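Colleague: Just need the whole structure built from these sequences, with the hints factored in.
In the numbering used here, the protein residues as written are 9 to 319.
Since the hints were made in silico from the structure, they are not lab data.
Check before you lean on any hint, since a few could be wrong.
List time: in silico SDA-like cross-link candidates among lysine to any residue, alpha-carbon distance up to 20 Å [what the hints assert, rightly or not]: (1) K144 <-> N121; (2) K187 <-> Q213; (3) K211 <-> P232; (4) K188 <-> K228; (5) K26 <-> Y11; (6) K281 <-> P186.
Since we're looking at a predicted model, the values are computed, not measured.
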Amino acid sequence: MEYTPLSGREYPRFSAIKTFFRLPVAKIDDDYDIGIFGVPFDGGVSYRPGARFAPSQVRELSSLGRGYHESHEWNLFQQTKVADLGDCSIIPIDLKESYKKIENFSSSLLERNKKFLAIGGDHSITLPLLRALHKKYKQPLNLIHFDAHLDTYPAAWGHEYHHGSFARHAVEEGLVNPKKMIQIGIRGPFAGKEDLDFALKHKIQIVSMKDIKNEAVLKKLLKPLSDWTEPTYLTFDIDCMDPAFAPGTGTPVPGGMSSYEVLQILQILNPLKNLVGADLVEICPAYDPAQITSLLGTSIAFELLNLMINK
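Modeller: Encoded structure:
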């Protein structure tokens with residue numbers, strides 16, 4: 009199979025069946041290197057629902073994607089084989105059963121030594137993805153977490169699993185190494201000072217918006233990541249962005265990053281040695297009338313795929 013995007017000259021970008029980056033649809037056991045798949049589940053949200061529609065929306069907007077990365081000076085789709093694997097099966101009214109389906113689906117890729125980019129869905133989907141990766145690599149993963157929120161919060165309404173608790177469960181289950189876990193874009197207001205207790209207890213590194221605005225400080229904080237050799241996962245919650253740049257999300261928080269800033273940060277991360285998987289979550293098309301959030305999501309997805317190329 010040819011793993012190249014559909015030509016925009018033969019089929020204009022507003023035409024043809026929509027796939028991620030206009031790439032071919034592949035079966036799980038085909039010979040691609042990185043599989044992109046949708047996880048249309050938002051049963052873990054606490055505020056605005058609707059992220060279940062993001063995979064379809066991102067597929068449509070990714071028609072505007074291109075392959076050549078000017079900073080890396082390579083064409084992504086000539087460097088590695090990327091394919092659209094369709095959507096993971098979920099049960100919209102059952103979180104725990106959906107977790108099983110997500111874990112099984114991602115495990116089926118990992119058994120074949122594939123890397124993946126999952127397009128959510130809400131942030132609760134990251135936990136079953138990490139469970140599958142932990143089973144594959146048999147060790148805690150390093151975690152890079154872009155978010156406005158810590159996602160280490162306690163049970164909500166008596167329910168342990170929701171989009172604001174995945175990071176706590178990942179640490180408590182031993183899926184990630186908190187000493188090699190970094191949270192980027194975190195900002196208040198918080199419900200209380202105790203919101204930070206979990207991160208302080210486990211020595212999780214937090215990169216605040218104040219850090220991000222100081223380029224020298226930011227580079228100093230991110231430089232140690234280039235020495236990580238263990239399997240690393242990156243989860244990207246679109247609400248780390250300022251809602252002026254990404255209004256289409258479930259829990260927007262003012263004061264976040266601009267589109268330019270986040271793309272620059274992702275390029276700073278380029279020396280990463282062993283990024284084995286990633287996700288992009290919390291895009292909510294119903295609150296994205298001009299589609300600028302999904303368009304930004306396309307650019308972020310492109311950067312994440314570039315980070316997975318073996319250096």
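Colleague: Would you mind marking each hint as holding or not holding in the structure?
Modeller: Status of each hint after checking the structure:
| no. | hint | in the structure |
| --- | --- | --- |
| 1 | K144 <-> N121 | holds, 9 Å |
| 2 | K187 <-> Q213 | holds, 8 Å |
| 3 | K211 <-> P232 | holds, 15 Å |
| 4 | K188 <-> K228 | holds, 15 Å |
| 5 | K26 <-> Y11 | holds, 15 Å |
| 6 | K281 <-> P186 | holds, 19 Å |
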